[in-house]
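Engineer: Can you make the complete structure from the sequences, with help from the hints?
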Amino acid sequence: DAGVTQSPTHLIKTRGQQVTLRCSPKSGHDTVSWYQQALGQGPQFIFQYYEEEERQRGNFPDRFSGHQFPNYSSELNVNALLLGDSALYLCASSPQGLYTGELFFGEGSRLTVL
Amino acid sequence: GDSVTQMEGPVTLSEEAFLTINCTYTATGYPSLFWYVQYPGEGLQLLLKATKADDKGSNKGFEATYRKETTSFHLEKGSVQVSDSAVYFCALSDPQGAQKLVFGQGTRLTINP
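So the protein lines, in turn, are chains A and B.
In terms of the working numbering, the first sequence opens at residue 1 and continues consecutively.
In terms of the working numbering, the second sequence opens at residue 1 and continues consecutively.
One or more hints might be untrue.
To be verified - Sample of chain A residues facing chain B (criterion: CB under 7 angstroms; computed from the structure): (1) Gln41; (2) Gly42; (3) Phe45; (4) Glu54; (5) Gln56; (6) Ser94; (7) Pro95; (8) Tyr99; (9) Gly101; (10) Phe105; (11) Gly106; (12) Glu107.
Please keep in mind that the hints were generated in silico from the structure rather than gathered at the bench.
Quick caveat: nothing in here was measured; it's all calculated off a predicted structure.
Cβ coordinates follow ideal geometry from the N, Cα and C atoms, glycine included.
Structural biologist: Below, the structure written as structure tokens:
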């Protein structure tokens with residue numbers, strides 16, 4: 001049973017560019033959340049998707065957007081990249097109807113903005 | 001808003017030493033509390049959790065008790081091993097079941113043989 005998978009694992013962009021990160025949730029999970037983890041910090045909630053809609057959003061600008069597909073996979077898009085967007089981006093999945101409090105995380109996509 | 005504060009690291013201990021990592025929280029209502037662990041090269045994974053006051057979560061020899069009166073959830077282990085070297089995160093979740101976690105800044109633990 002595959003867990004949460006994310007791609008790419010590493011990428012480098014320059015300021016002003018756009019990036020798309022991808023996530024496949026754990027089998028049987030229908031809810032996907034994205035977190036940003038800056039170096040030496042704890043993860044911060046970006047947003048959550050369920051039934052292909054954004055259900056909750058953290059304190060992130062509109063440059064951060066997402067999408068969820070019918071197969072529950074998800075994308076995180078960041079436009080007009082800033083140096084401060086350099087971070088590890090984590091995807092987490094959970095089952096909406098059987099939530100026990102545990103989120104399952106992928107290994108993350110490490111974004112470096114130059 | 002809700003927040004979590006962890007003791008600053010890094011923490012370096014010798015094998016078989018006693019471990020305590022302090023965690024306090026600020027929240028409205030009664031959140032669930034968690035410890036997640038990030039081993040080198042791996043994703044975050046749940047270590048233990050507690051959902052109400054005085055609950056004790058335990059796993060792999062680690063324990064933490066939900067203390068409402070002191071708003072704390074300190075992580076303890078009686079005898080650490082080299083394999084416990086990792087980054088530990090204390091977190092809370094919305095008591096309304098919103099499936100959103102608020103994390104502390106993390107504590108890097110290194111165990112020397």
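Engineer: Against this structure, judge whether each hint is valid.
Structural biologist: Going down the list of hints, with the structure as the test:
Given the 7 angstroms rule on beta carbons, the hint for A/Gln41 holds: about 5 angstroms separates it from the nearest Cβ of chain B. At its closest, the beta carbon of A/Gly42 sits 3 angstroms from a beta carbon of chain B; the interface hint therefore holds under the 7 angstroms criterion. At about 5 angstroms, the closest approach between the beta carbon of A/Phe45 and any beta carbon in chain B falls short of 7 angstroms, and the interface hint on this residue holds. At its closest, the beta carbon of A/Glu54 sits 13 angstroms from a beta carbon of chain B; the interface hint therefore is violated under the 7 angstroms criterion.
For A/Gln56, the interface hint holds, the least distance from its beta-carbon to any beta-carbon of chain B being 6 angstroms, beneath 7 angstroms. Residue-level restraint check for A/Ser94 holds (minimum Cβ-Cβ distance to chain B is 6 angstroms; threshold 7 angstroms). Taken as an interface hint, A/Pro95 does not check out: its beta carbon lies about 10 angstroms from the nearest beta carbon of chain B, beyond 7 angstroms. Hint status for A/Tyr99 relative to chain B: holds, with the closest Cβ pair at about 6 angstroms, below 7 angstroms.
Interface hint status for A/Gly101: upheld, as the beta-carbon distance to the closest one in chain B is roughly 5 angstroms, under 7 angstroms. Proximity of A/Phe105 to chain B holds as hinted, the smallest CB-CB distance being about 4 angstroms (cut-off 7 angstroms). Given hint, A/Gly106 at the interface with chain B, holds; its Cβ is 5 angstroms from that chain's nearest Cβ, closer than 7 angstroms. Against a cut-off of 7 angstroms between C-beta atoms, the interface hint on A/Glu107 holds, since the closest Cβ of chain B lies about 4 angstroms away.
Hint compliance for this structure: hints 4 and 7 are broken, all remaining hints hold.
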